[in-house]
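Go ahead and model the full structure; you've got the sequences and the hints to work with.
Those protein sequence lines, which keep their order, are chains A, B, C and D.
Under this note's numbering, the first residue of the first sequence carries the number 808, and numbering increases by one thereafter.
Under this note's numbering, the first residue of the second sequence carries the number 808, and numbering increases by one thereafter.
Under this note's numbering, the first residue of the third sequence carries the number 18, and numbering increases by one thereafter.
Under this note's numbering, the first residue of the fourth sequence carries the number 18, and numbering increases by one thereafter.
Calculated pairs, BS3-like style, for lysine-lysine (alpha carbon to alpha carbon, straight line, at most 30 Å): (1) Lys-184(C) / Lys-255(C); (2) Lys-22(D) / Lys-838(B); (3) Lys-22(C) / Lys-838(A).
Keep in mind that the hints were calculated from the coordinates and are not lab data.
Computed from a predicted model, the values in this text were never measured in an experiment.
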Amino acid sequence: MRRFEYVFRGGAEPEEIRLEGKGDTWRLTRKGETQAVSVRRLCDGRLSLLFPDGRQVCGRVLAAESGEVVVVDSDGPRRVPLADPLSDRLSHSHAAGSDSAEEEIRALIPGRVLEVRVAEGDQVRAGEVLIVLEAMKMQNEIRAASGGTVARCAVSPGAAVEGRALLLVVRPSPTP
Amino acid sequence: MRRFEYVFRGGAEPEEIRLEGKGDTWRLTRKGETQAVSVRRLCDGRLSLLFPDGRQVCGRVLAAESGEVVVVDSDGPRRVPLADPLSDRLSHSHAAGSDSAEEEIRALIPGRVLEVRVAEGDQVRAGEVLIVLEAMKMQNEIRAASGGTVARCAVSPGAAVEGRALLLVVRPSPTP
Amino acid sequence: MSSLKLLVANRGEIAVRIFRACRELGLRTVAVFSDSDRSAPHVTMADEAVRLGPAPARESYLSIPALLEAARRTGARLVHPGYGFLAESAEFARACSEAGLTFVGPSAQAIEAMGSKTESRRRMQSAGVAVVPGTMRPAESAAELSEFGRRHGFPILLKASSGGGGKGMRRVERDDEVAAAFERTRSEATAYFGDAAVYAEKLIEGPRHIEVQVIGDTQGRILAVGERECSLQRRHQKVVEECPSPVVDDDLRERLSLAAVRAAEAVGYQSCGTVEFLLAPDGSFYFLEMNTRLQVEHPVTEEVWGVDLAREMIRIALGEPLAFRGLSPRGHAIECRIYAEDPARGFAPSPGTVKVLRVPGGPGVRHDLGIEEGGIVPIDYDPMLGKLIVHASDREAAIARLSRALAEYEVGGVATTLPLFQALVSDPEFRRGAFDVQWLDRRLGQGLLGPTPLRSEDVALAAIGLAAHRNGAEPSAAGSPVSAWRSAARRESLR
Amino acid sequence: MSSLKLLVANRGEIAVRIFRACRELGLRTVAVFSDSDRSAPHVTMADEAVRLGPAPARESYLSIPALLEAARRTGARLVHPGYGFLAESAEFARACSEAGLTFVGPSAQAIEAMGSKTESRRRMQSAGVAVVPGTMRPAESAAELSEFGRRHGFPILLKASSGGGGKGMRRVERDDEVAAAFERTRSEATAYFGDAAVYAEKLIEGPRHIEVQVIGDTQGRILAVGERECSLQRRHQKVVEECPSPVVDDDLRERLSLAAVRAAEAVGYQSCGTVEFLLAPDGSFYFLEMNTRLQVEHPVTEEVWGVDLAREMIRIALGEPLAFRGLSPRGHAIECRIYAEDPARGFAPSPGTVKVLRVPGGPGVRHDLGIEEGGIVPIDYDPMLGKLIVHASDREAAIARLSRALAEYEVGGVATTLPLFQALVSDPEFRRGAFDVQWLDRRLGQGLLGPTPLRSEDVALAAIGLAAHRNGAEPSAAGSPVSAWRSAARRESLR
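Here's what the structure looks like:
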């Protein structure tokens, strides 16, 4: 008998999910209701879940950033805000205290800087285009993940950058 | 530098094949002629060979009985009589001395015996149908690999047999 | 997506095929499975799934009570039998309707009428469809058979009434052979089928097996959708099917279609079905039987006639009229049935795990498969992995395409019939379309599968393959082998 | 098999596509590769292969000397450029003929004539094919542009002569904006293309991108083979193409075809080519440009019109006449370009290793892929993995089929544009066919890719996936995981 506990943050309130595994069957408890799920791992790594009422779902479970899991099934990839209580507390407290943490914006892959649309000190909105990078013959807009102030600008137009190279530093504005 | 030697028995005479490997390149020597072959292993286990004159072949190499190798490429699976000198000598001398060795005929998979077309003492020709087995809803004819005399008959019609179960023993007739 | 649910009382490629049609129609899919199929593709692709029982078919896919219970539990309103298993069981069709379920197929009456050799022959004759001359009912005596032979001319064929699939048949050349043959056939019939009844048919020499696809809707419209060439058989089992037949011209197609529609009308047929004919070299043809279900080889008709038969069959069961008035053919299609059988071992079954599955792509290539890489071919059921179907502008182009596709096709871990098809596509008689129902068995006897000559590249491949292993650190592809990637993927899927 | 050899001066899915056509025509295939492609599918499927040079295209796939040398070494008589790279280089076409090679494409003259915006416009006008009103030649002054705007009416579009792919364009609403816009466009043009030349065009509002497939043979016959709907573009890059267009009726098709054939005739076109038009909401259309090559989206035409364009293109280059008189369309086809780009990250390129590749099967599903599972998407070239093409009886059925196929499609290891297509098939405006060339960019801005709601099954899947790992000994499928099988297969392949 194996026991596990997770916190799901997809709803209004954090929700606790409990699991008890035995052989190919897992007892899943949500909102006080428990059901026995038949589980098989396919040869390509996917899991097939069969619920007591007959519903079947088959998909792959991938790790994402802490506090999230990516499931890939017939609807495509989707992020599930789920974590064990410890990492949940960590990532959550982190999120809470991260108002002043600076956001480092880096190049995903090697390329050439085409445009730099902001300067140090500029106020930027979440989703605003900061830099246009050319890589794999494509122009890629690099956007701000959250609103804030450009604390540092590490590159200029025409510059060639390596993968993971630092491009900008944005200091998030305090969350209201 | 890695060196290997093999005996190829596809032709009239046994032929020696020499190989010298260095990085992704193998120097292959046949009939006194040597050529450098560029070799890559693909992610699914196939090998791609590129010859100096530009010819490219891509296929999988599987082990078969000693003294043979199976190659699977765009023409489908094919047996190549190739072995290192030692196993070549072994399998060959074995073949030479195997005139009197009895051939045990076994069921490939579980099934039910439908017909037994021979009795102990019968003379059988190579390829002759000895037993008809029903398995996977199919009738399967089990044939003699070589000509000889039925030394023993271990089953009778209607019998259920397990995989690898002994069906018949055939004593090969001396090779002329 | 509607909440209407369809349960497929089957497994393998046909269950997958029908589920795909359901997806496209917006129906929810319900799979059933035996203990050896819990992880099979038809289960893992379904919206819902129900266990029927242990592996043996009679305890799972043939268990009518278990199937009805599965439908009840999931609230499925439609039940599709696929082919094989209970597809031609009037009892199952009747049980479904009695349980208030919609059986996706013809009426139990139509199944029954066509299920009986003698009854169907009777109906065909009264419908004016030619049948092979024969003693309708079991013969009382050898004399009866001699008399039949003298009237219709020898050779004649003695058949066990309960026989099938080529078993319990005996050819009789001359009158003076009848008595002995009658006795032998009776005893065999008793042994094989526990039924001594034997009847006689006129033997048609060098015949082809041609079948016509029919569709009838609940409004009473019945259409013929061209013929299929099914003469390529090994031991009376279809191996390769084509549409159209290389020997059927427009006029003959017209006459075959007319006869097929008459046959379907004779039983008030309201679904997809197939009327099988024996075509004699002189162009005359005779009704053999009607398959009251979706056929394994339905895809070649779909490709050439541009119709989705699986879809239409479901729409008809829902009471919808045929979605088209008439159809016209385009190009030529060929289907290869890929069985887990070893051509090098007399086509012995080769169950096991499919370790490698690389399938061709590109234009005019279709896959109806019931297995995935890493999947297991269970020993309990028909060993067909699925079908490769090619379609091109004409027969020659289709054969070229098939040859190209086979060169890209690799199945590892189990032996398959792929080498048979590779031999066929380069056989001059096959390419000319010059074959009858016995041709393939004859050709196999003549060494169709003779050893293919070794190219020097193959010898090099074998030698370097051996060496590359022996010396461990063998050359690797750009990146690491898939096995590593796979396990990486699995690690990630679990981190 | 003839000893005639064809070299494809390209890589990826188009090289694979052309090699398949060669196989079916009985031609020997010669691949060329850069250092990052030694193990790529187009190499491992070819009869012969030659290294061109290092990864960067200008040192490999763009190196005319290296390509000619490869042809010389292998004795290839035909050279097919595919698309991209040197496909529209008159210089390459000329170099091939001078080297005594048959270039599988139109004449260098035709490529040149259609390669120049101004020259092609001139020819179209004299051929009586409507073009978008514009100042044919680079403007000397802003005044010139104002005058043009006043004559044809605002808004107008300023374009850099050397521009393309949507870069270096500027919309001008009113006369008094012209001067400033002219200056800004000139400076951008200089920065981007090192060429200050700027011209003006009348701006067509809410246009669709419709193109017509043409084929001309060396006997001088030129046919139009229907249109393709290519309005679904992201930042001026085609993403999804259809055949036929949901807004083109028989009459409009007739007129488009006539114009396309005139355009091809104007340059004596003898190959497969595509004439692109801008279709205004009022039904008027204007010649945009002619692509003198095989198009990425050629498969949708092949599926609907039942013609093998890649095959015909080669036959024509061999001097053979078109294999058909006329063709007729059947059903509806849709192509999705699967790029290694991450929709969740503003479509940033996502190079890397394709760890998982599961593709759909069944009726009406075609794959033109340039990569295999375990393969690497190199950073040096266009990030398209390949194309998914579906074909069904009508547009609604084709969309249902596409939706079904996407549900079966999985690519792991690199992010792809598959989620974009999944969002599209359920978008009401896409389903109605109500879109123009700007629609997709607008729709993406409006959150087309909004987060899909989580089902309780997904949460269970996530939780059990985590747990099953944490506790190591997780449930396994019947049999062991493929990774194990794979390595087993590898062990055997080395024993």
